[in-house]
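Student: These are the residues of each chain, in order.
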Amino acid sequence: MSTTTVEEMAEVAAPEPFWTRQRHLGLALILIGGLAAVVFGSLAPSEDARFTLSEDAAGAALSINGQFGAVLFGLLTVAAGGVLFAGLLKRWSNVFLVAGILSFLLSFLCWQVAGEFMPLVDTTDGTLELALPLILGALAGVLGERTGVVNVAIEGQFLMGAFAGALVGTMAGSVWAGLLSAAVGGVIIAAILAVMAIRYLVDQVVVGIVLNLFALGITGFLYERLMQPNAQTYNQPPQMPEWRIPGLADIPVVGPVLFEANLLVWVALVLVVVIHFGLNRTRWGLRTRAVGEHPTAADTVGIRVRGLRYLNVLLGGVVAGIGGAYFTLVATGSFTKNMTAGAGFIALAALIFGRFTPFGAFGAALFFGFAQKLATYLSAIDSPVPSQFLNMLPYLATLIAVAGLVGRVRAPAADGQPYIKG
Amino acid sequence: MKRFWSANNFTLTALSMIMAVVIGAVLIIISDSTVLAKFAYFTARPSDAVSASWLLVSTAYADLLKGAIGDPAVFSAWFSGEATWQQAFAPISETLTYAAPLVFTGLSVALAFRGGLFNIGAQGQAVLGCIAAGIAGFTFGLPIVLNLIVAVVAGVLGGALWGFIPGLLKARTGAHEVITTIMLNYTAGLFLAWLVIQQGIQAPGRSDAISKAVAESAQLPSPGGVLRVHLGIVLAVLTTAGVAWLLNKSAFGFEIRAVGANPHAAKTAGISVAKTYVLLMAVAGGLAGFGGATQVLGTAHALTPSVAGNIGFDGLLVALLGRNRPWGTLFAALLFGALRAGGNRMQSFSGISLELVTVLQALIVLFIAAPALVKAIFRLRASRATGLGASLAKG
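Residue numbers (the UniProt record's numbering), protein chains in the order written: chain A, 1 to 422; chain B, 1 to 395.
In short, the hints are calculated from the structure, not lab data.
Careful, some of the hints might be misleading.
Heads up, simulated SDA-like pairs for lysine to any residue below, C-alpha to C-alpha not over 20 Å straight-line [unchecked claim]: (1) Lys66(B) x Asp48(B); (2) Lys212(B) x Lys66(B); (3) Lys337(A) x Ser348(B); (4) Lys275(B) x Gly351(B); (5) Lys421(A) x Tyr200(A); (6) Lys375(B) x Tyr200(A); (7) Lys421(A) x Leu373(B); (8) Lys38(B) x Leu35(A); (9) Lys337(A) x Leu55(B); (10) Lys375(B) x Ile192(A); (11) Lys66(B) x Trp78(B); (12) Lys337(A) x Leu373(B); (13) Lys375(B) x Leu15(B); (14) Lys375(B) x Ile198(A); (15) Lys337(A) x Asp32(B).
Residues of chain B placed beyond 10 Å of chain A at every Cβ, according to the derived structure [to be verified]: (16) Phe313; (17) Phe331; (18) Ile352; (19) Glu355; (20) Ala362.
All residues carry an ideal CB built from backbone N, CA and C; glycine is no exception.
Bound conformation, chain B alone:
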């Protein structure tokens, strides 16, 4: 118990999540005028305000859980034959659907982090991945399987190109990747907004900004119906394993970690830092492009200006939450996907804005990023593993 109550990664993560949930509850209460009105006579009858608040918050969070994992009522209906198994597993399917692209963008950020680069450009790289995968998906008309592979590869290459640029600028001119990637994010977004309304790209007969649909043979296979989950999540797990191998077992991974730990020492040891930066950013961009590709080929099936959503920026938080380790990133992406899926249900059932999920995500990562803060609040004992601080020291 004593060891548990120290500032290790697990305790820090758990406490961060608890604090975020508590702050979220406060937000839910103060933004509800009927419950807030009960606080006006709090001193006279405190039970009124407390029970109303409890009801409001518990319903909201229960909906969040039901939307993310599953509704017990639907499960029992399934067992008694009143609902299909698809309905019972729909929440999990939603969670996995939202998680899949985040795994890729998260891995992109995490991998770059380990090499000492802060890839804020996952958003732009994912957008380029969307563009390339989408265009390849509705242009070539290749036979089944091959069409999908070509589209995915195109997405990866698109992202890799957008990652290669800041890598090259960093290696050749020393331009800081944080600034260049931020600028490239917005450039990519504007380019997409322009592209989808061009002739040959825009869906025929549509006046709004949407492209032609991706050919069926280029879509990631999915069970269909209420289950939106697609092959992307399987690819995500495989890619996580691949990145873990790349980082921990391959020669290039060793170079990445060496450069990330100390570029000067790595240079002295004969590693080309510039080459590592360029290659690393291209690989990271490719991963984010992969994420964009799964978004278009798995979920959206057509390009729109907001097709990539916020997956790049969310990937940043996912990587931070996963402490820049591949498997940690996978689990963090699953958590974010669950929050998002549950948030949808919370919005439609309890009427609590989906934005609460954004607040929760930001708060969790904010606390995780500041282990000293959590330690001070809960008076935790010091621990050798300081988590994010250590991995970010050279960021």
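Next comes chain A alone, as it looks inside the complex:
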């Protein structure tokens, strides 16, 4: 996987003025598609790759010969790349790009799954589950960054949220109290970030990094002092129940994933839509974007720049704190030291890869979640592809995106700049 990424980088980096972005992408797709068809095709055993529509090997399945599939989808990638390269159907170029990447992925899967089976429900479920904190964390980032405050403290907000959720959830014996205090935990970090960045004009990246360490230290300290000796009283939070919507839950694949889920899944999905709508269609959203792009102009027309920044960073704290609750109230039954293990930075990557938009962040988070799920799946079937390289994918993808190799990412113009009323 990683070799293709390097290939792609090296190819695309060649600076030739008459080469358009489409040509670059087309060539990259042709290359990785050809690679997939040849390498994956020759490596794949000529056995059936079964994609079952359930959580295990049983039941109906989509099935394809592994070798045939690997070659077929590799060639489809080449075809999509060819369309882009030839400059055909320019309006649909993004569709062809996505189709090309998806077929490359399918080619890879055909190779890996040949002779095995991949349970689609389990995979989708796991993807959404792993993506859940990333979605919430990235949305928190969207709220902050669109209003001009860089938030690299998502990791710290996760940790505080996870810790507070476990602590209060256990002491109160209620998962909802835990969820509420997880939000409060996120807000605490967000509040320090906001005050330092907005009131005291400290460099926002500096504050964020320091706050991550602060959250790591304080949760680790209290964990070792309180939770470890008395796990019963402090660190056994009740778990969030899974709710099943009758009827809808019977839809194949989608049903059990979306309609037999915990509350956080729905909260995350609703928030994506609400924040997208809010940013683009409401007065608050217009003002937020104005403050993020040109605070002086916004101030001139009477928008309270600092007030709006405080509000949005704190709202981000709520969202990230709820994302932190996922770790203790959904994923595992207790808090452990540094349990988020860099998820906050993957959320940051998702935010940037998603171009600072809610739906972009959502898509990126799903993609990164899928990469993680795939990593665990592949190590379960003893694949030769090391899981560490799949786990690198979010970071490498973001690296390529910010370097402008696949469409430059542009941050809000006033991102990271304190506003001093002149």
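Chain A is fixed; fit chain B onto it per the hints.
Tutor: Chain B in isolation, oriented as in the chain A frame:
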């Protein structure tokens, strides 16, 4: 006295440390249930709660000091011949051992800062330094001295490569170094985790993730026994002097400072900003790689997934605390090393989690980074030297 009570660097640093220590004390008290129980009848007998809290906090911080600088009891035992001098100086040795890699990573961040770049990637660069130095250390089997030099150089080059990438991306595409270096940090960490379990790297006969041991001739010389301190701290001081010279006396240092102060003006004056960025990031990466090399060759002697610990991120705090000046960074690294060494003793003697040290470090830097906050709390007079604010203005 009046001048002292103004917002100068010294006063700000001292007050930041005092506030951090006070908050740490509060944390120690509220996390101790027996002492907390005494607060339940505080109004009836306040002396109980106060004396218990005082005892708890003073013992903890005394252990911190003893672990960082030295235990008077051991010193007197040494004078009366009941302990060896090695035992008396073991705490200092621990402090220097922890400080050595932080000096390098701190210098890496500080140097990049002066050129207007925020090198969050010291962690990843240190990891690459660990990898390159470690592999060179157990592969080549060169004669003594030469083997060590080759291993250190390999570490520096590994780090420089990992610093060169974000520098090049910044210069060629304008990709922000904060984002690229964060991504490269995690990439490096995952790469190391993969590498140590590969055949030829993993120690033979081991199933856990640890590499072969670095050859004895490639290890940084150390007195041995309880004294873990090694040549790395000497190299660190020399490197600090070197960086100070580079920054303040050399032509490249002038370019760094010019670009850091105002890239547009520097460009107008004929300095190639892009070239400076690339070279600066490579040098900064090399410094962090040096730090990783001292960690492997001096302390760990083998690669593990967590061999680099947190030295890159700590280096960030060290640079901030040292206000991005080379000698300031050296002293900040010594302070952090002392906190870490003392924290170990505090953990084993008083049972206070080592994580308290992380909290203290983060708080100190948080206050230092916000001089306006400290000024407001203590009602300090304004001072011309605003410290970090000035050096970060263009960050």
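Student: Quick check: which numbered hints come out false for this structure?
Tutor: Structure breaks hints 1, 2, 4, 8, 9, 12, 16, 18, 19 and 20.
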